[in-house]
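2 protein chains.
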Amino acid sequence: MKDQVLKVVKIGGKLIEDKTKFQEFLKDFSALGGPKILVHGGGNFATEMALKLGYKTKMVDGRRITDADSLKVIIMTYGGLINKNIVAKLQALGSNAIGLCGADGQSIISKKREVKEIDYGFVGDIERVNSDFISSLLNQQIIPVFSAISCTKEGELLNTNGDSVASEIARAMSSMYETELYYCFEKSGVLANAADNESVIETIDKSKYRELLDEKIITDGMLPKLHNCFQALENGVSTIFLGNSALLQSKTKHTKIVQ
Amino acid sequence: MKDQVLKVVKIGGKLIEDKTKFQEFLKDFSALGGPKILVHGGGNFATEMALKLGYKTKMVDGRRITDADSLKVIIMTYGGLINKNIVAKLQALGSNAIGLCGADGQSIISKKREVKEIDYGFVGDIERVNSDFISSLLNQQIIPVFSAISCTKEGELLNTNGDSVASEIARAMSSMYETELYYCFEKSGVLANAADNESVIETIDKSKYRELLDEKIITDGMLPKLHNCFQALENGVSTIFLGNSALLQSKTKHTKIVQ
Chain A
1 MKDQVLKVVK IGGKLIEDKT KFQEFLKDFS ALGGPKILVH GGGNFATEMA LKLGYKTKMV
61 DGRRITDADS LKVIIMTYGG LINKNIVAKL QALGSNAIGL CGADGQSIIS KKREVKEIDY
121 GFVGDIERVN SDFISSLLNQ QIIPVFSAIS CTKEGELLNT NGDSVASEIA RAMSSMYETE
181 LYYCFEKSGV LANAADNESV IETIDKSKYR ELLDEKIITD GMLPKLHNCF QALENGVSTI
241 FLGNSALLQS KTKHTKIVQ
Chain B
1 MKDQVLKVVK IGGKLIEDKT KFQEFLKDFS ALGGPKILVH GGGNFATEMA LKLGYKTKMV
61 DGRRITDADS LKVIIMTYGG LINKNIVAKL QALGSNAIGL CGADGQSIIS KKREVKEIDY
121 GFVGDIERVN SDFISSLLNQ QIIPVFSAIS CTKEGELLNT NGDSVASEIA RAMSSMYETE
181 LYYCFEKSGV LANAADNESV IETIDKSKYR ELLDEKIITD GMLPKLHNCF QALENGVSTI
241 FLGNSALLQS KTKHTKIVQ
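For the protein sequence lines, the chains are A and B, in the order given. Per full-length UniProt numbering, the very first residue in the first sequence carries number 1; after that it's consecutive. Per full-length UniProt numbering, the very first residue in the second sequence carries number 1; after that it's consecutive.
Honestly, I wouldn't trust all of these hints.
Each pair may be met inside one copy or between any two copies, as identical chains are not told apart.
[As the list claims (entries may be wrong)] Capping the alpha-carbon separation at 27 Å, the derived lysine-lysine pairs in DSSO-like fashion look like this: (1) 58 / 251; (2) 7 / 56; (3) 52 / 19; (4) 153 / 27; (5) 153 / 21; (6) 56 / 19; (7) 256 / 153; (8) 253 / 56; (9) 27 / 112; (10) 112 / 19.
Hints are computed from structural coordinates only; laboratory data are not their basis.
Chain A extracted, bound-state conformation (with noise of 0.2 Å):
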């Protein structure tokens, strides 16, 4: 099987915020051919919800804190609203799409974060991805859609960094195929200037990746980004891709890692 290529694609929160763009991104992903995985985020909805509700959403160094009251509005929203839409949009561009959380078939089993300095709350961090479920799906040619929750053994559910589902659902499936990893964000990729998007550094190796974290021009959102990005080659991703909402069809600038 390892001669077909799977495309893992994990889109942000900013990107689905924003509909033409989204619905671009759709099309061009709906477009792809070979086997696909998508991995959505959420981004201001759960906020928003969260907010019509009257709950306040606590947030500690740019992370959201995820008590009782989000995880429920994270699965209403990631894990409902935005995630059946998501389907049912791919369904209406004629590609059969199914959307799932870690719970669904077991297919992304976690740990809840242990509390060191700071409590996460309901947070997980993934053990297992069912790769021979995720993989029965593909060969019935049915596209895996998954919103950013996974589940304990136990059975609970847990609010889980989107970046985090795609980089271990991309490791675990490169095992079977030739994976690659997609990350579609609002930037047109790593950027040398954080200022000018179109500062786009084109190829990222690790002796690069070294030299971009001496110089701090990897910082924020995209030192965890990166971080998974490595770890995924490491552990059988062939390449990863992160750009722009046209990244998948290669029509603009776009930053590639590599081994």
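Starting from the structure of chain A, add chain B where the hints point.
Structure of chain B alone, referenced to chain A:
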């Protein structure tokens, strides 16, 4: 495959609202042997959520009118919160479940209800159930858990009557399995006297059904439920059972519907 008995179980909204009874029901459901499918309503969760969000729920003749806001709430609560929580609870009980709406794997294709006297809004009438896809899950020992949401061929999500979802799934699956349909709700079955929960009519066949209709013993919500039942029996479903949450373990009196 017809030697296998498939159980299609619908659980009503009011049972889901009662945490203790709901957990008991899930234990009983989890303990059922053989292939099985769960279909759930959502009870007052959608109405409560709509209220919290400041949306008004419009009812005509006891039926919810599904405007765009209501549909959003239904997808969030039934398709997200309730569906994923049921799946997680089943996983906790050792049952490998998957949460689906009609858009997932094109499992339940419907048509938007035509506007005649009443415009029901975003409401679907089922046209086709994807029995091949559902049986592929059953063959993997996975339990499909359906929220009462269907999808048009054009990819539009629609609110759908939960009893109809259950009976249409049972009808479609009856070409592959001997199929039994279970309606679990807050009463002990079809009652001869609505005020007396002990007055269960234990068996209803077609002539008894006509009699009960003539005597106006079957009224309100029981009318479409029994209409669905006899349609299902005429289309391949072998037996239908109606009763409370203990029905699955045959612990209490219940109603059996036969041709």
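To see whether the hints hold, each was checked on the structure:
1. 58 / 251: neither (38 Å within a copy, 47 Å between copies)
2. 7 / 56: Neither: 37 Å inside a chain and 43 Å across chains, both beyond 27 Å.
3. 52 / 19: Both, since 21 Å and 26 Å are each at most 27 Å.
4. 153 / 27: So residue 153 and residue 27 pass the 27 Å test across copies only (17 Å; inside, 36 Å).
5. 153 / 21: Classified as between; 24 Å across copies, 37 Å inside a copy.
6. 56 / 19: both (26 Å within a copy, 26 Å between copies)
7. 256 / 153: For residue 256 and residue 153, neither the intra-copy (35 Å) nor the inter-copy (37 Å) Cα distance is at most 27 Å.
8. 253 / 56: Neither. Shortest intra-copy (39 Å) and inter-copy (48 Å) distances fail the 27 Å Cα cut-off.
9. 27 / 112: between (36 Å within a copy, 24 Å between copies)
10. 112 / 19: This pair counts as between: shortest inter-copy Cα distance 24 Å, intra-copy 33 Å.
Of the numbered hints given earlier, the model fails hints 1, 2, 7, 8; all others are met.
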